[in-house]
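Under the numbering used here, the residues of the sequence shown are numbered 11 to 535, in order.
Keep in mind the hints are simulated off the structure, nothing from the lab.
Do not take every clue at face value.
[Said to hold, decoys possible] Calculated pairs, DSS-like style, for lysine-lysine (alpha carbon to alpha carbon, straight line, at most 27 Å):
#	residue 1	residue 2
1	Lys227	Lys248
2	Lys167	Lys132
3	Lys310	Lys329
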Amino acid sequence: MYKYLKYSVVVALLLCGNITWAQKSVRLNQNWEFLKQDLGGIWEAVRPVGVGNPESVPLWQKVNLPHCVNATDAVDPDVNYYQGPAWYRTQLLVENPYKNGRTILHFEGAGQKTDVYVHTTKVASHVGGYDEWTADITDAVAAFKKSEAYQKQFKGKIPVSIRTDNSRDLEMIPSDLSDFNVYGGIYRYLNLVYTLALSVDKMFVKAETDAQGKVAKLNVKGRFYNPTGLSDATVQLKLLNPLGKVIAKQVKKLTSLDSDLDLWTFQFNKPQLWTVDNPLQYTLSYEITSSAGTYQGGEKVGFRHINFVEKGPFHLNGKRLLLRGTHRHEDHAGVAAAMTEDMIRTEMQMMKDMGVNFIRLGHYQQSKIVLNLCDSLGILVWEEIPWCRGGLGGDVYKQQARAMLKNMIEQHYNHPSIIIWGLGNENDWPGDFPEFDKEKIRTFMKELNNISHEMDASRYTAIRRCDFCADIVDVYSPSIWAGWYRGVYTDYKKASEDEFAKVKRFLHVEWGGDSHAGRHSENPD
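Go ahead and model the full structure; you've got the sequences and the hints to work with.
Here it is in structure tokens:
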């Protein structure tokens, strides 16, 4: 498996898994102040000045998280939406209950470049607005607690300041030529986490069946967060069926905790299958016992078999399934990207109620809340990275794209709903660089395709609208748009048949015309 970027830790199950047991995690939603501009430096966020003092300028406003810098200006027809630095600050009472435990800030998403400070010490930086990441603030908190400012100025609390920046940057993805807003802010949940000195970074759980769905196979690999360098532990794993009954157990002693470890391979007959109509999920629970204590966690998994037939249809658990669905962008009136869990839950349930069994999450990794709901509602998923339009940048650009793909696959690997990893969208669209070299784009697309297959051979790769890369990926979606950008909507059948013949696997995921309520068929040809 792949390592994270500097300053980021592969997100622990405690932080981003489907279940949170043990340890302590709380959403930091309230008591934030916000500034929609840059500061002269971090000192301006923490210096000891009272209200009315000239040094207290600029003025901060009170907000709750999640919060998007562009909550209102993104839909203002008279101005460009704000693209630039913004600041958030708060004061936290940090009381870690675990001996030698770690104190972590877990970001579920912040855009697009983020710096984190404890008082005046920068503790983490992250590039990318859509993957989850963490900042271990343990050492910085311990150091600040020894200072005079901790007691006198901050009265026993820890000042945390966060700078986000969605400025235009040609060496970042997504491009500003994309047909969606590149938002700024802490627009997904931020959590304060206390954990043991030894915890789980990630459990990679592969749950699959044979084509007939008669035999199930479970494979579990583990990665540990072990900053203090413990050398041994005991792992106990249990697999529970959808009714909560334990059907298998495994105990394994570990004498090394330095790399991804094979923990369990188990096979059994007559699994209860995950389907779009009855999305049954099993639970993998585990305990990691070491000198640091016992860490508990769990993952929801679904056993299913997928097969996208070359020159043919999609099959789920051996049966043909017509994929009917829509797209989803992380956007809502009045809050932009800062949708609450209740908003997301309502939206996803509406989709299911209208008959959706498939969704393309365009054009970036989305919240774990969305994926958890797709798992529980029975909605199949195409999820993709935001390599969208503009061409291909340099080394920094490509490294970010690689990192975003790796993070997306690792963080959402266990979701039974996901069937396709998307590598790009409209990559035939130039504009961000003087050079537009199709061969270089093909070379990089091949690299991403290989990364995806190496990390997860059980799922398909796809792109939409880049004909000169159509042969690279497993599934291709062309651009037709009959009746909107060209011709009339009745051209769709002939155009689709022509495109179907050109590629290995055809899936048409963008079409129109517009929002005409009468242009829908319950029984498409």
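Legend entry - Holds or violated: Lys167 to Lys132, with C-alpha atoms at most 27 Å apart: holds (17 Å)
Legend entry - Lys227 paired with Lys248 [C-alpha distance capped at 27 Å]: holds (14 Å)
Inset, instruction - Below or equal to 27 Å on CA atoms is what counts here, so check Lys310 against Lys329. - result: Status holds; Cα separation ~24 Å.
Checked against the numbered hints given earlier, this structure breaks none of them.
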